[in-house]
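Taken in sequence, the protein lines are chains A and B. Each residue of the first sequence is one higher than the one before, starting from 1 at the first, in this note's numbering. Each residue of the second sequence is one higher than the one before, starting from 1 at the first, in this note's numbering.
Please note that a few of the clues may not be correct.
[To be verified] Pairwise CB distance ranges (calculated):
hint, chain 1, residue 1, chain 2, residue 2, range
1, B, Leu-51, A, Phe-142, 32 to 38 Å
2, B, Leu-51, A, Arg-103, 20 to 26 Å
3, B, Pro-167, A, His-145, 53 to 59 Å
4, A, Ile-19, B, Phe-280, 47 to 53 Å
5, A, Asp-26, B, Thr-50, 50 to 56 Å
Keep in mind the hints are simulated off the structure, nothing from the lab. Don't be surprised by glycine CBs; every beta carbon is placed ideally from N, CA and C.
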Amino acid sequence: MEFSTFLWTTFAAFLTLCIFSFLYKDNPFYKFAEHLFVGLSAGYFAMILWHNGLIPKLMFERLDDGHPYFLYLDSTKPWYLIPAALGALMWTRFSQKYSWISRWPLAMYIGIGAGTAVPLEMRARVNQQLSAMMADINWASFFGHGNVNLLDPNSGLSQLIVFVGALCALIYFYFSKAHTGIIGGMAKLGIWILMIGFGASFGFTVMARVSLFINRMQFLDQQWIRGAHDAANPNYHWGYPVAFYVVVLGMLLYVFYELASHLSAKKKAKTGTAA
Amino acid sequence: MNIFDKMMSFDRRWVFLFLAVICVAAYVAGIRIPILAEPEVTSIFRFIDTLPKGSIVFVPMDYDPGSMAELHPMTYAIVEQCWRKEIKVLITALSQNGPGMVDQALRDIADSMKVPRTYNGVSYPAREVVNGVDYAFLGYKPYPAMVILGLGQDFRLPFPLDYYGTPLDSLPMMRGAHNYDDIACAINISGTNATDYWISYGQGRYGFKLAIGVTGVSTAQYYPFLGSGQIFGIMGGMLGAAQYEKLADNPGNATAAMPIQLAAHVVIIAFVIMGNVGYFMTRRQQKRQQAVGR
């Protein structure tokens with residue numbers, strides 16, 4: 001690792017520690033890292049959109065003379081002017097007088113989006129899911145024939161659980177009849193099914209959050225700490241550990257400052273109570 | 001204040017500190033735990049493993065650095081498996097903050113290909129991976145739904161140029177590849193709702209074989225699509241990645257993280273039990289006090 005790369009790694013490690021400091025309480029280091037992240041993401045997104053969306057379609061096409069031209073259009077695709085004009089109309093939102101014009105591109109956008117989404121979403125999320133829920137239950141697997149692996153989604157037990165579970169969960173949301181008798185029992189089972197679903201989601205979410213922490217730990221150890229002490233690196237010199245210990249010392253000083261403030265506030269509160 | 005009241009008013013910062021200490025201890029200890037691959041992960045591995053040389057696997061990497069902890073290990077394991085088996089990889093990055101990260105990941109994996117390796121008893125020689133021959137990285141375009149529909153007509157429609165500015169027609173790999181009909185399968189690795197689009201607008205509209213690798217947070221919501229056959233495999237979070245690494249015999253960061261996950265989960269379960277005991281005992285005491293008051 002070159003020294004310049006290591007400095008960026010050190011900066012990334014510093015930002016990681018800044019973000020984790022929020023677990024103790026909100027502080028200026030966290031604020032700095034948060035604002036930097038938001039600003040960088042917005043700037044990066046704007047540039048990615050500019051270079052991947054607008055430039056290839058519309059602008060700054062270079063001609064043979066090597067000069068950039070604003071709004072030079074590929075003559076084979078003049079229809080690109082229509083979405084370009086509609087897009088430009090969105091900027092009228094900044095004018096109180098003409099902001100109504102922005103409804104035209106919005107209407108077009110929503111119309112295209114809804115027209116595309118409705119049939120495809122209906123098919124993928126409703127029809128195919130209903131069809132899977134109502135698949136013939138493989139009763140034979142209950143008697144040891146065919147697919148007897150109960151964890152397999154095509155086994156009879158899985159199919160029965162899916163059918164009964166979906167039915168009961170739907171009945172829980174059916175409010176046109178009082179939840180008493182059979183309906184009440186099915187609704188109760190529906191709640192259990194929903195709770196199991198939420199529990200599975202919660203378990204996965206815990207795993208996801210811990211994963212983020214582990215990844216940062218691996219980064220700090222494998223790239224930052226080992227990078228700072230990697231004497232086998234041909235570019236290694238005194239700057240590596242210095243950069244490392246500057247950040248560590250800075251963080252430790254902040255921790256001591258916070259502890260001192262906390263203890264002094266506690267002491268003051270105690271003295272005040274005693275008085 | 002009795003012990004149950006203390007349990008209920010426990011400062012959450014102690015939980016964070018305790019969890020951090022346990023995670024660091026498990027990381028330093030370097031213990032290993034067995035990883036069992038589930039059928040939904042195995043189906044993806046087996047499908048790729050049985051593809052003939054020269055097939056094209058489409059890997060849309062729709063995530064950004066925020067999800068790389070869970071999804072990068074999947075990317076590394078799948079892409080290296082494809083390249084070792086001389087399967088071509090077509091890549092997009094439909095998350096706006098992702099293209100630079102994906103480009104870096106491809107370079108890293110290409111570097112690891114320069115070293116001979118043995119996976120599952122099969123020796124693979126070192127080889128140079130060539131952009132345009134072994135893979136094509138198409139980059140980012142806004143509005144994933146429209147891009148996915150456009151790709152179904154012709155890859156060149158939303159992406160006339162690849163990420164590096166080369167026309168798709170001049171890439172040797174893309175000469176016979178026009179749309180989803182020319183790929184063996186798509187494996188969407190996503191940390192956003194782009195997976196929904198791949199299921200509804202991609203697989204739903206064009207019917208190609210689709211598998212997904214998603215973050216832990218969204219894993220549970222995609223299992224119904226596995227049961228209905230709309231996807232043929234699913235890798236959920238870091239666990240899914242570790243299972244894939246195990247199948248590919250290519251242990252990486254996900255495998256190394258599993259013992260830490262185990263330790264962290266034990267701690268969290270202990271705290272959940274502790275909180276619940278505290279809650280129920282406090283409630284019981286309050287009820288008793290109310291009964292005595294009457």
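Hint check:
no., hint, result
1, B:Leu-51 - A:Phe-142: 32 to 38 Å, "36 Å, holds"
2, B:Leu-51 - A:Arg-103: 20 to 26 Å, "50 Å, violated"
3, B:Pro-167 - A:His-145: 53 to 59 Å, "57 Å, holds"
4, A:Ile-19 - B:Phe-280: 47 to 53 Å, "35 Å, violated"
5, A:Asp-26 - B:Thr-50: 50 to 56 Å, "53 Å, holds"
Consistency note: the structure conflicts with the earlier hints numbered 2 and 4.
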